[in-house]
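Student: Could you build all of it, start to finish, from the sequences and the hints given here?
Going down the list, the sequences are from chains A and B. Residues in the first sequence are numbered consecutively from 1, following my numbering. Residues in the second sequence are numbered consecutively from 1, following my numbering.
Because the hints were derived from the structure by calculation, they are not lab data. Keep in mind that the hints are not guaranteed to be accurate.
Said to hold, decoys possible - Listed below are the simulated DSSO-like cross-link pairs for lysine-lysine, each with C-alpha atoms no more than 30 Å apart in a straight line: (1) A:42 <-> A:97; (2) B:57 <-> A:22; (3) A:107 <-> A:22; (4) A:71 <-> A:97; (5) B:11 <-> A:42; (6) B:11 <-> A:71; (7) B:57 <-> A:68; (8) A:71 <-> A:57; (9) A:97 <-> B:71; (10) B:11 <-> A:97; (11) A:58 <-> A:107.
As the list claims (entries may be wrong) - Facing chain A, a subset of chain B residues (Cβ under 8 Å, in silico): (12) 28; (13) 42; (14) 43; (15) 45; (16) 57; (17) 62; (18) 102; (19) 105.
All values derive from a computational prediction rather than experimental measurement. Beta carbons are placed, not taken as given, at the ideal position from N, Cα and C, and that holds for glycine.
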Amino acid sequence: GENVEQHPSTLSVQEGDSAVIKCTYSDSASNYFPWYKQELGKRPQLIIDIRSNVGEKKDQRIAVTLNKTAKHFSLHITETQPEDSAVYFCAVTGTYKYIFGTGTRLKVLA
Amino acid sequence: DTGVSQDPRHKITKRGQNVTFRCDPISEHNRLYWYRQTLGQGPEFLTYFQNEAQLEKSRLLSDRFSAERPKGSFSTLEIQRTEQGDSAMYLCASSLPGQGLSLHFGNGTRLTVT
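Tutor: Structure representation (structure tokens):
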């Protein structure tokens with residue numbers, strides 16, 4: 001079955017710096033790659049997603065890049081702010097089952 | 001509020017008791033999922049419904065777990081003879097049909113088995 005690895009597990013950055021989180025997957029049939037942000041005690045919420053026919057997508061300070069050949073995709077957050085502190089999960093799906101990474105705890109230090 | 005709703009938010013039960021959780025998806029979403037999340041981990045897939053049909057059940061689920069979606073709307077997840085290892089956050093999510101569509105999560109039910 002599909003396997004998703006996410007790195008790093010924790011990431012601390014200074015406010016204003018950039019943060020990058022990377023996920024790798026195993027199933028070449030995967031075609032949709034969302035990223036979720038989960039704040040403490042709250043539900044995971046979609047922040048950005050990318051489909052397999054696109055290499056990059058940007059939404060203000062957040063971007064996602066996809067390399068289908070290498071089977072990896074990354075979340076980029078620029079100009080980080082304290083409110084970006086949370087746990088971020090990548091996910092992968094090809095049909096209906098979404099497989100999640102193990103999460104990255106991002107701490108933005110003021 | 002037209003989001004995914006789950007009930008109860010918290011459940012504390014003694015080992016060996018049965019518990020049942022409810023999920024009401026977004027009304028036009030015909031896909032419904034149950035996930036389990038433990039501290040420091042990502043959501044783990046448990047089961048998936050398309051309308052009222054349960055199309056997949058994870059090997060993570062023992063025969064103590066059963067889920068239903070009788071009319072293709074709300075769903076219930078029942079755990080029989082609970083064990084301490086069942087303690088986790090149980091998340092429900094729904095989506096529209098079709099590929100490449102995001103999941104919308106509920107706030108979850110936090111189960112604590114003492």
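Student: Evaluate each hint against the coordinates.
Tutor: Verification of the supplied hints:
About 22 Å separates the Cα atoms of residue 42 of chain A and residue 97 of chain A, which keeps this hinted pair within 30 Å; it holds. Between residue 57 of chain B and residue 22 of chain A, the direct Cα distance comes to roughly 28 Å. Compliance with the 30 Å bound is thereby established for this hinted pair. Proposed proximity of residue 107 of chain A and residue 22 of chain A is supported: the alpha carbons are some 16 Å apart, at most 30 Å. Between residue 71 of chain A and residue 97 of chain A the alpha-carbon distance is near 18 Å, which keeps this suggested pair within the 30 Å criterion.
With a CA separation close to 16 Å, the supplied pair residue 11 of chain B and residue 42 of chain A stays within the 30 Å bound. Pair hint residue 11 of chain B plus residue 71 of chain A does not hold up; C-alpha atoms about 40 Å apart against a cutoff of 30 Å. For the hint pairing residue 57 of chain B with residue 68 of chain A, the CA-to-CA distance comes to about 28 Å; that is within 30 Å, so the pair holds. For the hint pairing residue 71 of chain A with residue 57 of chain A, the CA-to-CA distance comes to about 17 Å; that is within 30 Å, so the pair holds.
Between the alpha carbons of residue 97 of chain A and residue 71 of chain B the distance comes to roughly 21 Å, so the proposed pair stays at or under 30 Å and holds. Between the alpha carbons of residue 11 of chain B and residue 97 of chain A the distance comes to roughly 27 Å, so the proposed pair stays at or under 30 Å and holds. Straight-line distance between C-alpha atoms of residue 58 of chain A and residue 107 of chain A comes to about 22 Å, which keeps the hinted pair within the 30 Å bound. Hint status for residue 28 of chain B: violated, given a least beta-carbon distance of 17 Å to chain A, over 8 Å.
Given the 8 Å rule on beta carbons, the hint for residue 42 of chain B holds: about 4 Å separates it from the nearest Cβ of chain A. For residue 43 of chain B, the interface hint holds, the least distance from its beta-carbon to any beta-carbon of chain A being 5 Å, beneath 8 Å. Residue-level restraint check for residue 45 of chain B holds (minimum Cβ-Cβ distance to chain A is 6 Å; threshold 8 Å). Hint status for residue 57 of chain B relative to chain A: violated, with the closest Cβ pair at about 11 Å, above 8 Å.
Interface restraint check: residue 62 of chain B against chain A, minimum CB-CB distance 18 Å, threshold 8 Å, status violated. Here the hint on residue 102 of chain B is kept, as its CB sits about 5 Å from the closest CB of chain A, short of 8 Å. The beta carbon of residue 105 of chain B is positioned within 8 Å of a beta carbon in chain A (closest approach about 4 Å), and the interface hint is therefore held.
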